[in-house]
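Top line first, the protein sequences correspond to chains L and V.
Mapping of the first sequence onto this note's numbering: position 29 corresponds to residue 29, and the numbering continues sequentially without gaps.
Mapping of the second sequence onto this note's numbering: position 31 corresponds to residue 31, and the numbering continues sequentially without gaps.
Because the hints were derived from the structure by calculation, they are not lab data.
One thing to keep in mind: the hints can contain errors.
Distance ranges between label pairs, derived from CB positions [claimed, not checked]:
hint : chain 1 : residue 1 : chain 2 : residue 2 : range
1    : L       : Gly-166   : V       : Ala-133   : 51 to 61 Å
2    : V       : Glu-152   : L       : Leu-162   : 56 to 66 Å
3    : V       : His-147   : L       : Val-111   : 45 to 55 Å
Since this is a predicted model, take the numbers as computed values, not measurements.
Glycine included, C-beta positions come from ideal geometry on N, C-alpha and C.
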Amino acid sequence: MLQFLARRILIAIPTVILISVFVFALQKLLPGDPVLAMAGEERDPEVIAYLREKYRLNDPVPVQYLTWIRGVLTGDLGMSLRTNQPVLVLIGQKLPVTIQLAVMAMIFALVIGIPAGILSAVKKGTVTDYAANVVALSGLSVPNFWLGIMLILLVSVRWQLLPASGYVPLSEDPVRSIETMLMPAFVLGTALAATLMRHTRSAMLGVLTSDYVRTARAKGLAERKVILKHALRNALTPIVTLTALLFGELIAGAVLTEQIFTIPGFGKLVVDAVFNRDYAVVQGIVLCTAVGFIVMNIIADALYFVLNPRLRKQ
Amino acid sequence: MSPKPPSHASTLLSVRDLTFRFRGQTQDVVEDVGFVLRRGETLCVVGESGCGKSVTALALMGLLPRNAVRIRSGTVEFRGERYPVNDFDRVARFRGGEMAMIFQEPMTSLNPAFRIGDQIAEAVERHRRCGRAEARARALEMLQRVHIPAAEQRLDEYPHQLSGGMRQRVMIAMALANEPSVLIADEPTTALDVTVQAQILDLMAELQADTGMGIILITHDLGVVAEIATDVAVMYAGHIAEYGSAADVFGDPQHPYTIGLMSSVPRLTGPRQRLTTVPGMVPTIGTMPSGCRFSSRCPFAAPVCAERPPLAEVGPGHRAACHFAPLDRTLELSA
Ligand SMILES: Nc1ncnc2c1ncn2[C@@H]1O[C@H](COP(=O)(O)OP(=O)(O)O)[C@@H](O)[C@H]1O
Ligand code: SF4
Ligand SMILES: [Mg+2]
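Just need the whole structure built from these sequences, with the hints factored in.
Okay, here's the thing in structure tokens:
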């Protein structure tokens, strides 16, 4: 297993390099000049020249890349062109917010998706199964922004149960923090719940007709134990892997939800940076996200190993 | 049909009139099946693939998919209780305990995610209401009993670490852990190598001699039947074509299907034969002849065969479902 992980990490390295080159190149090809955006209304040529020099924008592009990547390797992602803060600090501030959102969304997704998947597999072909599938399909097809806005209108404006926006850090006031995140996490979690439900359902269906489930029944075990122990344990292996992968996607997908609920997270950082041509920040974020994705992928593979006795011992 | 008259050994299990079909089908997959199993004896159920042997066994164990099957009739007498076959809740109470089953697929019948010791112990805990440690001790005892080498070590291994033969031994250990009085073995050796097959059958015979359990052995290996059967039920297309003691069915087969099966099998010795010797195919549910189910392949088929023959007595405790049985009398008449 260690060998396998080592191989995965070795493959990950060129992947990250490729992504970094790609991200850097794309930035250069985009229209718009960050310096013009920074220089203000007057566009004083002297200021512009000074800024270009300061951010080494006059160097040839490959040199710019190497300068940047050297910084990255030493833990320096550069400075934000706009706020003049280190990119790493910005990311460090915003990422925990988004991770909190993603974790809460994942909890919603797991708590709804997996039991619903089990139920609809066990009750295959019944009204329960159809109902679960209709709800899941709706969960997948309803756009997040619409669901978010409807929730705000209903829960916050009409019933005044939860705040529509206004983020409170977890460390400051945990209860209030979780309260403000409930709706966005739900919105973000619904689509995932639907995905998880459908995967759980099909995994369970595959397993419920297996010979070892029949053996479990032949032992005289109660049906609940047959399903929740013998069947679920095997159906869960791909689901756990999927969850790790979805978690990476969740962080990327949080952008829109954060906008709707005005949460000052990763998403807001990305949007602001892109609109302001804040190269260093965009690059830093994309690189972080890519690395995050790859790490989640490796974790997913590792989990698959851990959960599979057949692979574990070899 | 009615069960055989009681003989010397005490009856463990008797089944009558078992008839059921799968939902959405217009014909029964199993019709009027009945038999008796006595203490210490082995009833072999033989017949070509698809004739309904496995589903009959699963019906007795209450393991048929509840909402996909319609049990139309069937009564079981077991442990002094008489109950309808579709009383699945009652069966659930003693399956794995008083009545246990092993399957044709040793490679996939154990849960790949759990240690084999735990899988056996689970069956013990369920029926003995005992603690973990006791169940584990019993699991170890059973692994030793089925002659698994280094049993203590094996207890903590996963199924993939064992060969097919070893896995079937584990299945037997699990099935016998609660000392069932009836063991149903559905082609327990079909998936195994020939030498391993013999070992598994010897093991079952050994354990039967120790415990006096009754075994229902489903097989299509006539050599095996000749060796170990006390009674034989020959199934064809969902019903019993012939039923009787092994001596009667082998020594004096009365149903043309049985005769076809036997004709190429050297008696009791010689290489084992598979049931592929009767020309033609088993009719499927849709193409089932309305009269005798065997008529589409029977060399003796006559106009009278358009009517379904009853499973009639041809000798003491020996029955055959053919209009022309008993054959010797028929031959005498025509001579
Ligand atoms: N769950 C099921 N649904 C529908 N048909 C089934 C099901 N299980 C078995 N059958 C059918 O029942 C018949 C008897 O099968 P089976 O008992 O497995 O035969 P065998 O004698 O080879 O053990 C076959 O035609 C099979 O296709
Ligand atoms: S009843 Fe007729 S068709 Fe059926 S087995 Fe006897 S002879 Fe053959
Ligand atoms: Mg079968």
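Worksheet item: Of the numbered hints stated previously, which ones are contradicted by the structure, given in increasing order?
Response: none
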